[in-house]
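K.L.:
Spelled out, the chains give:
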Amino acid sequence: MATVTLNQAEKTYPNGFKALHGIDLEIGDGEFTVLVGPSGCGKSTLLRMIAGLESISGGEIKIDDRVVNNVAPADRDIAMVFQNYALYPHMTNYGNMAYGLKNRGYSKAEIDTKVRHAASILQLDDHLDRKPQQLSGGQRQRVAMGRAIVREPKVFLFDEPLSNLDAKLRVDMRLEIKNLQQRLGITSVYVTHDQVEAMTLADRLIVMNAGIAEQIGSPIEIYEKPASLFVASFIGSPSMNFLDGKVSDDKSHVVLGDGSKIDLDHKIDGGRELVVGVRPEHFTLIADGSGAQRARVRMIESLGAETLVYLEFGDKGENVTLRMQGTHQFTKGQELALSTSADLVHLFDKDSGKRL
Amino acid sequence: MSSQFVWFRNFKDVLSSGSWLQSAIFTAVFSFLVAFLSIAISLFLAVRADEVVRGAKSYKTLLMWGYAIAPPVAGLLGTMLFNPLMGDLYILLNSLGFEFNHIENANDATFVVTLIAVWKQVSVNFIFFLSGLQGIPKSVTEAATLDCKSAERRFWTITFPLLAPTTFFLMVINLTYAFFETFGIIDVSTKGSPGGSTATLVYKVYVDGFLGADLGGSSAQSVLLMIMVSVLTVFQFRFIERKVHY
Amino acid sequence: MYQSKWRSITNHLILILGSLFMIAPVWIALVSSTHTREFLFQNGLQFWFGGHFLENYGAILFDSSATKGRVTALEMLFNSMVLGLGFAIGKVIISMMAAYAIVYFRFKLAVPLFWMIFATLLLPLEVRIVPSYEVVAKLGLLNTYTGLILPLIASATGTFFFRQFFRSVPDELLEAARLDGAGPLRFFIDILVPLSVTMIAAIFIIMFVVGWNQYLWPLLMTTDDQLYTIVIGIKQVYNSLYEGGQIPQFPKAFALTIMATIPPVLVVVIFQRMFVKGLVETEK
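Chains as they are written, first to last, in the working numbering: chain D, -10 to 345; chain E, 23 to 268; chain V, 341 to 624.
The hints are simulated quantities; they were obtained by calculation from the structure and are not laboratory data. Please note that a few of the clues may not be correct.
Straight-line alpha carbon distances no greater than 30 Å define the calculated DSS-like cross-link-like pairs of lysine-lysine that follow [what the hints assert, rightly or not]:
#1 D:LYS51 to D:LYS120
#2 V:LYS617 to E:LYS82
#3 E:LYS160 to E:LYS171
#4 D:LYS339 to D:LYS256
#5 D:LYS214 to D:LYS339
#6 D:LYS250 to D:LYS321
#7 D:LYS235 to D:LYS250
#8 V:LYS478 to E:LYS82
#9 D:LYS343 to D:LYS256
#10 E:LYS160 to V:LYS345
#11 D:LYS256 to D:LYS240
#12 E:LYS213 to V:LYS575
#13 D:LYS343 to D:LYS235
#14 D:LYS120 to V:LYS617
#15 D:LYS250 to D:LYS214
#16 V:LYS345 to E:LYS79
#17 D:LYS51 to D:LYS103
#18 E:LYS213 to V:LYS478
#19 D:LYS305 to D:LYS321
#20 V:LYS617 to E:LYS79
#21 D:LYS250 to D:LYS339
#22 D:LYS240 to D:LYS143
#23 D:LYS339 to D:LYS305
#24 D:LYS250 to D:LYS343
#25 E:LYS213 to E:LYS82
#26 D:LYS343 to D:LYS305
#27 V:LYS448 to D:LYS7
#28 E:LYS213 to E:LYS79
#29 V:LYS478 to E:LYS34
#30 D:LYS120 to D:LYS157
#31 V:LYS617 to E:LYS160
#32 E:LYS79 to E:LYS160
#33 D:LYS305 to D:LYS240
#34 E:LYS171 to V:LYS448
#35 D:LYS235 to D:LYS339
#36 D:LYS91 to D:LYS143
I would like the entire structure built from these sequences, with the hints used as guidance.
P.N.:
What follows is the structure, given as structure tokens:
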């Protein structure tokens, strides 16, 4: 049971590359925090700094009230699950789980109790005497988690633990991890580049980009109120549509590329150019009406439960994706009239990309 | 033992002595011959061993065990076969009218040590070539069979270029072998005779330093040898680095 | 794969000739060692066994006068075994530890030190023979097993091999071990050594053969017959072949040769797979 606090945590590599630019973060007791972002955004570096596998170039990291900047990884009371499992191939699964306890001087009996308990939680009882190579990917992942659980650490760290599994197993393991974490109530930090994992697992989500935490919040907050163009485009699939727009002189609406209008609440200066974001699921098709957005069908993907329609919008032919429930038939080049509601529209500054 | 600092006199003496130059030339010729011949023979054998299906394992064992033979043992076996009293090869060559006499003829003696050194080295090269050949993806060989009918042409246009890294590496290994490890062969077979014509540089270091008690001159020779090895080593490292980077 | 009949036949022919080329000299030595010296002297080298196997081998194994020294072949075999095993063990330990330091420890001078070690170690014993001899002589280690083995162990081949292998071990394993509270020594003993078992075995086999076959260094080091290895013994016997105006002792020289050859050949053939793997990997 613990909190993790990051205070202007920075990472600069010896070659001068700055991987993290001062991250501030407070992770509450028992909270499941997910770091998400494209590769190279610094999310793994941050996790490894919490683990103590990477040194901290600036700022501080605290676990509970203890600054751990110069504490050895083994003494931070954390456990980590690695992407490629990192199981010791020459030890049995039992040995893998017991190793950390052994090094910490637990008695044989204690070790045995703890390992068997963890194994029963993870349904590994029958596999304890085998070696990791004899297990399937999902089972190996369980052993890796078992190795973390037996230690009863203050903090669990997960470094893309599911990315080596196939799609179906990934969903199963995702649920299992979430279950386990809730059951054990251990503070967890989880790194992934998969936004579905991020959305489903997180109590709190941190979207990272180029060494900066772009936005921190609950998954729904981030989905509903993305703080920047980057967050808006990264969270949600298919990605949010972005259209160029200009605020009318009387501040009452924004004019899009095809001349159609979306109402505004008069807060933005007239004449200002901005980016209008609309999620694919927030467009609705309407019978041909005036003032609606018009777009031509370019391509259709039918997924059964839903249909994705790719459209060309306005004179500039901006790309727009439309997501509709059920199956629909359209012909290529067909013109559709779209509508969206003003409260589902996101506005971003054209230069800074910040939400307005 | 008393010693006196003489600047570079030992080097001057060594470099201006005819016997060192003779030994250097012999070493160069000998190394080239040994490397070239043992690589050629073992590549030829490895290609065939890679092709056969039946008995492949037996052939492999029969051709690679020679790695375990010590150079002086090889030297002794060679001397025995070229023994003027009863050596089969000596008798055979002379009955063919070659007037073969490695005791007195420098070229004949060179032939003997080269033959022994090649014989000893074939198995090492064979092991490397065979594993190199087995590392070539089967699909590549099969694609080549579809594209080219002549086995010989296939070898020179596909297999050999793919084995180039192995070959280059073996060149270095074989040169090092011919420089250093042949000491045992020479010491047991010709002992550098006749007249130092089959003494490699290493053998000369030994003869001058330990039998002739000229430690200064022998050390100077060692340093020269060291420089040559360094060049070879740099070559080897270059190669290793390149291999790592592909 | 398709192969013409002709190609298949020539393949076998060539390989049989190649095998004969390799085996014939040893075969001749083996069968000739079972004849009397008078018989060989009159009839030349033989191609089939004679009836004096026990007599010849028994003499050199147990009777030191047969080897012209004060040492029997049995004692020489023992010395060779000590050299081979000592060399292999020392080599494995030293090169593993050196590779461990090189791969896993980051310190300021690591890179220049690494290249320095490699540059010096890749210089074979042969080029540093004079100074090595001087050092060992001054330390009073001539004619000792220590003096025989120690200078030979210092070479980089094994280090390079383990370096390659350690580099292939995923970093996450080290990190997991660190989180599990394993320090550098623990990681080495608990994780790295068990992972390297097959590699260690392969290197061990190669180094045993290399150690057994050492020649130049033992030749300089061992002036005392009691320390002769069997490979050195061959030379001594060979040198004395023509002494005393008698008929040369060829059969016994051959018998000694065969005995020097059998142990390393057996090791290589029995552990062929491991040996080949080790050899090919070492040189990568």
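K.L.:
If a hint holds in the structure, say so; if it does not, say that too.
P.N.:
Hints, verified against the model:
no.	hint	in the structure
1	D:LYS51 to D:LYS120	36 Å, violated
2	V:LYS617 to E:LYS82	14 Å, holds
3	E:LYS160 to E:LYS171	17 Å, holds
4	D:LYS339 to D:LYS256	16 Å, holds
5	D:LYS214 to D:LYS339	17 Å, holds
6	D:LYS250 to D:LYS321	25 Å, holds
7	D:LYS235 to D:LYS250	10 Å, holds
8	V:LYS478 to E:LYS82	47 Å, violated
9	D:LYS343 to D:LYS256	16 Å, holds
10	E:LYS160 to V:LYS345	21 Å, holds
11	D:LYS256 to D:LYS240	7 Å, holds
12	E:LYS213 to V:LYS575	11 Å, holds
13	D:LYS343 to D:LYS235	16 Å, holds
14	D:LYS120 to V:LYS617	24 Å, holds
15	D:LYS250 to D:LYS214	22 Å, holds
16	V:LYS345 to E:LYS79	20 Å, holds
17	D:LYS51 to D:LYS103	28 Å, holds
18	E:LYS213 to V:LYS478	29 Å, holds
19	D:LYS305 to D:LYS321	18 Å, holds
20	V:LYS617 to E:LYS79	15 Å, holds
21	D:LYS250 to D:LYS339	18 Å, holds
22	D:LYS240 to D:LYS143	53 Å, violated
23	D:LYS339 to D:LYS305	17 Å, holds
24	D:LYS250 to D:LYS343	22 Å, holds
25	E:LYS213 to E:LYS82	33 Å, violated
26	D:LYS343 to D:LYS305	24 Å, holds
27	V:LYS448 to D:LYS7	22 Å, holds
28	E:LYS213 to E:LYS79	38 Å, violated
29	V:LYS478 to E:LYS34	29 Å, holds
30	D:LYS120 to D:LYS157	24 Å, holds
31	V:LYS617 to E:LYS160	20 Å, holds
32	E:LYS79 to E:LYS160	19 Å, holds
33	D:LYS305 to D:LYS240	24 Å, holds
34	E:LYS171 to V:LYS448	58 Å, violated
35	D:LYS235 to D:LYS339	10 Å, holds
36	D:LYS91 to D:LYS143	18 Å, holds
In this structure, the hints that do not hold are numbers 1, 8, 22, 25, 28, 34, in rising order.
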